[in-house]
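S.K.: For reference, the chains in residue letters:
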Amino acid sequence: MVDPIGGGMVALAAGIAVGATGIGAALGEQMIGSAAVGAMAEDESFFGRGLVMTVIPESIVIFGLVVALILLFVTMPTI
Amino acid sequence: MFEPQAMTKVIVAGSKDYMGLAIDSLYKHNVVHITDFVDEDEDFKIGKPYAQAVKLSERAVSLRSIASYLSITGKEDVRNRYPAGAITDEIDEKTERLDFEVTQVTDKISDIDSRIKDINDQKRLLDPLRSFDLSLDLYSGYRSLAVFVGTLKTVPSISDITNDFEFQTVPYGKGHAIALFVPREFEDDVFKRLQDQSYSALSLPEMEGTPKDILANLDAQRSELESEKEKSQENLKALRERYTDYILASDEYLSIATQKAEAPLRFATTKNAFIIEGWIPTKSLELVQRDVDRATDAHVMVATDASEAVNVEKVPIALENPMPSQPFEVLVRAFSLPKYNEIDPTTFVALIYPFLFALMLGDIGYGVVIIVIGLVVRRILKSKGIRDLAAILVYAGVITIVFGLIYNEFFGVALVGTGGLILPSYAYPTVPRFDNVLTLLLVTLVIGILMLTLGYVLGFVNEYRQHGLKHAVFAKMSWLLMLYGGVLVIIEILPPLTTGTAISISPPLVGGLVLLVIGLLFLLLDEGILGIAELPSLLSNVLSYSRLLSIGIASAGIALAVNRLSYALFIDKGGVWIIFGVLMLIVGHAVNTALGILDSGLQSLRLHYVEFFTKFYRGGGTKYKPFGYERKYTEEK
Numbered sequence: 000m001v002d003p004i005g006g007g008m009v010a011l012a013a014g015i016a017v018g019a020t021g022i023g024a025a026l027g028e029q030m031i032g033s034a035a036v037g038a039m040a041e042d043e044s045f046f047g048r049g050l051v052m053t054v055i056p057e058s059i060v061i062f063g064l065v066v067a068l069i070l071l072f073v074t075m076p077t078i
Numbered sequence: 000m001f002e003p004q005a006m007t008k009v010i011v012a013g014s015k016d017y018m019g020l021a022i023d024s025l026y027k028h029n030v031v032h033i034t035d036f037v038d039e040d041e042d043f044k045i046g047k048p049y050a051q052a053v054k055l056s057e058r059a060v061s062l063r064s065i066a067s068y069l070s071i072t073g074k075e076d077v078r079n080r081y082p083a084g085a086i087t088d089e090i091d092e093k094t095e096r097l098d099f100e101v102t103q104v105t106d107k108i109s110d111i112d113s114r115i116k117d118i119n120d121q122k123r124l125l126d127p128l129r130s131f132d133l134s135l136d137l138y139s140g141y142r143s144l145a146v147f148v149g150t151l152k153t154v155p156s157i158s159d160i161t162n163d164f165e166f167q168t169v170p171y172g173k174g175h176a177i178a179l180f181v182p183r184e185f186e187d188d189v190f191k192r193l194q195d196q197s198y199s200a201l202s203l204p205e206m207e208g209t210p211k212d213i214l215a216n217l218d219a220q221r222s223e224l225e226s227e228k229e230k231s232q233e234n235l236k237a238l239r240e241r242y243t244d245y246i247l248a249s250d251e252y253l254s255i256a257t258q259k260a261e262a263p264l265r266f267a268t269t270k271n272a273f274i275i276e277g278w279i280p281t282k283s284l285e286l287v288q289r290d291v292d293r294a295t296d297a298h299v300m301v302a303t304d305a306s307e308a309v310n311v312e313k314v315p316i317a318l319e320n321p322m323p324s325q326p327f328e329v330l331v332r333a334f335s336l337p338k339y340n341e342i343d344p345t346t347f348v349a350l351i352y353p354f355l356f357a358l359m360l361g362d363i364g365y366g367v368v369i370i371v372i373g374l375v376v377r378r379i380l381k382s383k384g385i386r387d388l389a390a391i392l393v394y395a396g397v398i399t400i401v402f403g404l405i406y407n408e409f410f411g412v413a414l415v416g417t418g419g420l421i422l423p424s425y426a427y428p429t430v431p432r433f434d435n436v437l438t439l440l441l442v443t444l445v446i447g448i449l450m451l452t453l454g455y456v457l458g459f460v461n462e463y464r465q466h467g468l469k470h471a472v473f474a475k476m477s478w479l480l481m482l483y484g485g486v487l488v489i490i491e492i493l494p495p496l497t498t499g500t501a502i503s504i505s506p507p508l509v510g511g512l513v514l515l516v517i518g519l520l521f522l523l524l525d526e527g528i529l530g531i532a533e534l535p536s537l538l539s540n541v542l543s544y545s546r547l548l549s550i551g552i553a554s555a556g557i558a559l560a561v562n563r564l565s566y567a568l569f570i571d572k573g574g575v576w577i578i579f580g581v582l583m584l585i586v587g588h589a590v591n592t593a594l595g596i597l598d599s600g601l602q603s604l605r606l607h608y609v610e611f612f613t614k615f616y617r618g619g620g621t622k623y624k625p626f627g628y629e630r631k632y633t634e635e636k
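Heads up: the sequence lines are chains A and B, in that order.
For what it's worth, numbering that gives the first Met the number 0 labels the leading residue of the first sequence as 0, then goes sequentially.
For what it's worth, numbering that gives the first Met the number 0 labels the leading residue of the second sequence as 0, then goes sequentially.
Hints are computed from structural coordinates only; laboratory data are not their basis.
There could be a bad hint or two in this list.
Said to hold, decoys possible - Not everything, but these chain B residues come out facing chain A in the computed CB check (under 10 Å):
#, residue
1, Tyr17
2, Val331
3, Thr497
4, Ala501
5, Tyr608
As the list claims (entries may be wrong) - To give an idea of the interface, some chain A residues facing chain B are shown, with a C-beta separation under 7 Å as derived from the structure:
#, residue
6, Val51
7, Ser58
8, Phe72
As the list claims (entries may be wrong) - Negatives, chain B to chain A, calculated, CB over 10 Å:
#, residue
9, Lys122
10, Arg129
11, Gln232
12, Val436
13, Leu437
14, Gln465
15, Leu548
16, Ala567
17, Leu604
18, Val609
19, Thr613
Bear in mind the structure is a predicted one, so any value in this text is a computation, not a measurement.
Ideal placement from N, C-alpha and C gives every residue a C-beta, glycine not left out.
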């Protein structure tokens, strides 16, 4: 690593990528999750489908994670 | 294995005179799933339950009330099974006698309880007067005197009303207890004065002797009652010991008898005949046919009905998998049972689920712990669902150890090689996770692509069987083509994009683009323009598998942190600190194991439900509920 400031920026960017997407995913899951639990209280067989719907927003944080990993392991060494 | 059990639709029909025999015979086999008859018309009516149904349920109610008095919950182990015949003969008399015996004891207990309550009430009333020496009967019955006995906040002065009084007072609780005697004529004035101090009168029981003596007497009475109650409770316990077997067995007997007596409510009947519609596993058909035939002397017939075999919506679903993969049925059921013409994904789940789980957790130590937990839970708990989950945990644990060997992790510490815990000088080729993040990321994406491929192939098979080849190609092949087209294109253009060089037109790139276009064309033909909206899900599905890496790294990271912290904070200091260090290791790794099971378990499940199942599996099948009963406490001759 040649440039400490650039490297630090990249690390920060990776952190923001995971953190911000995590907040986004959480906001989405919060609403779906409470609705899914409500549906499950009515009908327990809803568990499987409820789980599927609840975790749909999780892709957002996975995207963030992939970006972070690429930043840390692909971009970082080139700085 | 890949399909639910084959079912045959049957119609059981015969003369009403033989209905009872037919019910007995069907019930014994416990295989026919009866479709309830609902559409009454001129000719066919819903059957009437047998007359004894009412009496049976009444008896069941009284038996269950006895069971609840004896706190029998149905989870008890029983030593011997009751022969069903013995219950039939003696149930009336024996239940009555049992009812009498139990009620006698429980009545006595509730009588004692109410007497104890009375005593407590009296004690509560007399307690404030404990230190007054006046006998209780002297507090009332005066013509010219008004008596105030009670409690209040502070003692007021009444000398401005009259000096002619007798006043006793002691501090009681937060205020005072008083006994005040004044001439009748001042009663109202004094009462007002007392009321200002929140006076509350005690309504004294009619007894003789000083409060102190009475209280001592009441205490003695109470402890006597309590020992009596204890004795009665022991009696109840003895009754419970003696009759648990009988109560469970006769409850089962009554459930069975009631179900049989009420069975006609599910049949179609005419004046003289009855008809049962239902489904039976094809392999049991002949046996039941033969048995019903013999039991009813050929007066009832079990006929197969091929006319409705195509209506897959109504066929009840019984999963059929070999022993090793059976526990995984619980994961499939939690999603939804397959339809009759759908592939049962249990086998694939059994092969893939532990693999994904272990890929995430991947630690020899945690693997061993998980196996132990699974085995212990299987030994202790009886619920079928929990036992299945425990079995899955054991499978996952074994493969977790394998991955632990590959990652070279033992509770977060290297096992072999430099800095290794056991064999520092020896090393086989290992893949430490922290040093191979990019490689492992690629591996997870490849796993994702393979699993999606499998999903689409299975989806192709399902669609082909349900809607024909054309639809299968449009709906599933399209996605498969786009998946691989996309992969080819990304492989070709990603390196030039990151390095900033020009993209060269190469055969793989062209091939990938062609695949993408063909796939897109198929998709448009199948779903129209809206299909495009779903395109990004292909990318997110594949990327979703990168969680296999991230969850794993997080888990390994926590293990590493626990080890380093405990070493730096405690173990390094030596002496007594080592105890704290070890404690921290145990707690830290216990928490991480719990997190590991929960997280790896749920994420692996999610990769099945969301990414894998959605490619081929809809579910929504009806559960197969055979007409019959699995006897636990009784046995038939």
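S.K.: Each hint needs a verdict: does it hold in this structure or not?
M.R.: Here's how the hints hold up against the structure:
{"no.": "1", "hint": "Tyr17", "result": "38 Å, violated"}
{"no.": "2", "hint": "Val331", "result": "9 Å, holds"}
{"no.": "3", "hint": "Thr497", "result": "7 Å, holds"}
{"no.": "4", "hint": "Ala501", "result": "19 Å, violated"}
{"no.": "5", "hint": "Tyr608", "result": "5 Å, holds"}
{"no.": "6", "hint": "Val51", "result": "5 Å, holds"}
{"no.": "7", "hint": "Ser58", "result": "4 Å, holds"}
{"no.": "8", "hint": "Phe72", "result": "5 Å, holds"}
{"no.": "9", "hint": "Lys122", "result": "47 Å, holds"}
{"no.": "10", "hint": "Arg129", "result": "54 Å, holds"}
{"no.": "11", "hint": "Gln232", "result": "38 Å, holds"}
{"no.": "12", "hint": "Val436", "result": "6 Å, violated"}
{"no.": "13", "hint": "Leu437", "result": "5 Å, violated"}
{"no.": "14", "hint": "Gln465", "result": "20 Å, holds"}
{"no.": "15", "hint": "Leu548", "result": "8 Å, violated"}
{"no.": "16", "hint": "Ala567", "result": "24 Å, holds"}
{"no.": "17", "hint": "Leu604", "result": "7 Å, violated"}
{"no.": "18", "hint": "Val609", "result": "5 Å, violated"}
{"no.": "19", "hint": "Thr613", "result": "8 Å, violated"}
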